[in-house]
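Combine the two chains into a complex, taking the hints into account.
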Amino acid sequence: MAAQGQPAAAQNPCKITSIGLGRFQAKLADMPLNCLLSTPDNKTEILNVTVFKSSDNSEVAGQPVTQTDTTFSLNLPVGAYNVVVVVGFLTGAKAVRILESCAGQTDLDFIAVPVANNGQFALQVVA
Amino acid sequence: MSRFGSTISACASAFLLCLGVQEPLRAQAPPPEVCMILVHTLLEMPTAPTAQDVSAALTPSEAAACIMKAVFPDEPLKIDNSVATALAAKAQTQSNAVQAGAPTGAGGTTSAISKPFSPLSLATEYGGITSSTKNQTVTFQIPLDGIPRALAAKGTVQYCAIPSMYFGFCESPRLLDTLDRFSFTVSMNTSTPTNSVTAMASGGSQSGAQPVTATSQGGSGPSFSGATAKFVIIKPPAKLPPFGKTPLSTTQARALGKKATDLNGLLTGTWYQDWQECFANAWFAAAPGANRDAVAVQFFAQLDQVMRSGRNVTSCPQGAARSAVDLTAVLAALRSAIIASGITEATFALEVTKALGDPVLSFEYDYATPQNQESNSTFKLVGSKGWFASQTKDMQPGSQRLTGTLNVAASIYDATPSSSVPGASLLRSLQAGAELDYIVPTGGLPGFLGKIGDSTASLAYYYQDQTSPSILKVTPGSPLTGITLVDLPSTATQIFTQKGPIQVGQFKYGFGTGKNVKFPIAVTYSSRSELIVHPSWGVQFGVSYDFTSLFSGTTTTQK
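Chains as they are written, first to last, in our numbering: chain A, 76 to 202; chain B, 22 to 580.
Hints should not be assumed to be uniformly reliable.
Stated by the list, open to error - List of simulated lysine to aspartate or glutamate pairs, EDC-like, C-alpha gap at most 20 Å:
(1) B:LYS279 <-> A:ASP131
(2) A:LYS169 <-> B:GLU54
(3) B:LYS260 <-> B:ASP198
(4) A:LYS118 <-> B:GLU395
(5) B:LYS260 <-> A:ASP116
Think of the hints as simulated: they come from the structure by calculation, not from any bench.
This is chain B alone, in the form it adopts within the complex (with noise of 0.2 Å):
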């Protein structure tokens, strides 16, 4: 303080004079958030701010924005950073936490167990885990953030670190990583059909030959399978990348630096820098709270004219002569320094995701509903662990290459089945499941394997307590699909299967590990199915398609 304080003393003593104007100002409108801000921020800090602090947060380059704001509130001005949004789009959603496809009680899934995350994407399956008749699904699944981050990465909306430096609409990290906790996946069965038709003897018969008149009822789409609501409950926190680990940021931060002298030094020696002293004096010498704030807000007003005027607005008694502002020569310096700076951010913000670990734990809730049989409704949770950080062609450095799931769940029936079927009840099964993935660097092969990219050998246990018999409704009459029932009675409307523990392991192996394009195929072993009690043995295999890669432009999605 001793270093400023004849300064301080001098502008203090002739403080209302500081504060005086020469010439009536345009009314006093409020200053642009981002001044305040700007200035509130120096109250942030354990010790008390000097006035050195104040004139340096009034530096050009760091009060840019302000300053846009305040003198050329009408200048469009977009900054365009979506080709690190579009990085960042891709390192949000690759990784072996991510859901392929169908959850586990879908049936055609492939997957024995869910993944915390479910990415931008569309995936077509065919299987079953505990179903006892195998089916196609066709599964889409949405993450909430999944949209507004396609757009930012498409440029279409602005990306911002913090959006009162924007002009205009922008997305902040944070409310993208707010909306990336949030997906839904919907999925239909498209093996089984809707319809049926009813096929009736029409004229006579002609030497064992029928002419027929046939009719369909039903619909004629795929029908739906299942939907899932899925929230994630604990994220990795965000971390400093090491130093050396942002070659991209730092070299944006490199143009940044460039482009920050060249602004301030067309404001050095103007009256802009007899302004930003005269502020910072002032607002050092005025007692700490609302006076400072009305300081603040003086100054501010008067920058607009401070910058066009080409004098002396504030009267502040060290004033020196200073020079007129180059208003177009700034104008442009200010554009390039405040697009320059808000690359930089977004290109860091880019780094830090990319150092973010997985999910950790996630909530996920499942609807189903199987083919003739009451829905159900699946509660389960899943968490995830990555080890061993490593880099190969397809992945990025801090991929995880061996990625641990754990799900636990509780199935209930939608209505509470009826008291005809022995040992029925509302709780339908409870469930268990873990599995462990490795991504093999196949990548780095050459020929066919190297083009498909990395792969991922998985390993999964998955143990259903079915606490209550699975239930069939049936038609008398009309037959089900794929179930063949003998010697049924014509009243029967609902048939019964005995209740017990399903085992179910599974080795499956995954292309394309990093790339837009996912083939898994999976071999399981199951002790029984949901309606036959016998082991057996089945073969999944699906393929997905990652849409994030699409909208951001790019080719491959790595994380």
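Pulled out of the complex, with its shape left as it was, chain A reads as follows (with noise of 0.2 Å):
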């Protein structure tokens, strides 16, 4: 269920940069995206995942095209998003990760478990 339960998909390319704290950009040709979450104690797992449009804060229908209690992938159109990540977790469970499934497993967002159960992330997507 840990982030290091996605050996195969450890070891493709990373293809979600970093432009800023909380702010992220992909290629379109790079969709789909392959996100996990890292829960190091197992006592988390994802509820839910919505992609809402920055522009006007509406939900992106169709999104995530895969989900799981850890993964959930994202196949986006040109354009700015807000995914929100909602987590369920256990009694004495500790803070977890959302990070992109990929080699260098790019940080994406921080949920302070169990103080929160949810976070999100600003993605843009580029031609």
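Below you can see the structure in the form of structure tokens.
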């Protein structure tokens, strides 16, 4: 369930780059983007991932294209988005990260479990 | 780290300036506890936190409780997740691992075997497993978490996953789970009179009819039969429900996602974002340990002013022009996000609770005061295991259709028996028993049976080695209730019978499995009873009501 549970994906080159604190960029040609939940104690799982357009905060339909309790994939057109991840956790759970599932495991978000159960990062898709 | 290198070095070189302020701050009070917990979670990761992590932790929707407590400390906020809590309460108490009525040794019980968990319930039963006379008892059971959980289910008290995130007192799952381990039972004997009537002849006899003056002696209420204390030693560990098996919390999480992005959108491009980035860089640049805590304390002290002043109070050199915060809109969005977050947590906790198995091992202490006998104490280990998870109309997913229960116990007299009773010792008896319960899905049938719900068929075997004879206390000249003594010397104050093993086989059918009201009916064969050395057949039956659902306002209880 943890990040280390994705050995095959971890060999892929990373497609998401940081463009500032909490802001990331990816190319349209690199879609889909695979993300995973890093939960060192296996006490947290993804409940829901929602993608919103930055321009009007409207929800992007059909995203994520796949989701499990520790992974999700995004396939987005060009544009600016906010990706909100909500997690559920057991008593005693510790903080988790949302990473890109790739060799470098780009750090996309940190969720301060147990005092927070959601996180958000901004993603810009460029041509 | 290289990603932020330029920003960090810029801030680090002007570190003191970063921490400085342009105008005097209000007296620096310690930041709200939840704010410091927020930054301390950064240190729990196996890899060192980055400035990106710090900034993410300060995302408004993540830091909502911290912002609320720091900027709007006097705002009343109650997170009403009573609906979820009510459902959690339901899930707690229903299965074949719960005790339906009085423990095995009590006169009037229908149970040959004790179960590891006692729900908040009231039962009235007629029967008795090892006793020689049949009685009726009323048994009240209360787990220590019963009332607190009921208050949370009513919404009177807040229920919370993380108390520090909440506003005012709240009951956490950890608190309820701890209380949940303890339960108590009191049984009253309702079939045997506690008072006696003495009739004294008055006046002369008239044609065989004699007038009398009657007086009553003794109490007028039911007599105390026994009490039980139970402690759950081993509970199954909580597990994350499989993906797709949390429909309620997933729905709540979706609603939370919208509230979170609304809140974050309100603070994007404002001075909050400036403070957030400056905080992240300054914290990351500071040496680990006390220095980082000092940075956090300093920045949290500025938060109120950042939100209210509409300008930069952190003097970060990289700060770009920002807009003022719309406090009214932010307060409303904070409330919505915090409430949605709390409800999501509570709903997820409910689904985790539902997925929990039954208690595995309990210790039970029974104190019994049988009619006309010395009081005794029984120390019992009760183990339980379920198999074949399945779902019926009245059973929830994950409920186990077959439940096995084992009992091992020793019973002692509370006072050493008189040496005049041959073979008598402090050790009264050794006991062992087993029961298999199978849930029959009658709830899916049409008509009357379907309305009653699922039912449970049970087979039990119970063995009791009476290592000491049963001793009855007698008062010369006073009859024993239900027992006729013949040719008893007027000086006898104790009578005893032959000791030996008791073997009991029982078939029980319980109607109302998964419902609030249950009706167990049992047929029992016993090789002997405590007093009578001959085999006998007996019938026991009862009614029990589970109060959990009454408090939660729901109509059925399930697991």
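Point to revise | Which numbered hints fail | key: Hint check: 4 fails alone, others pass.
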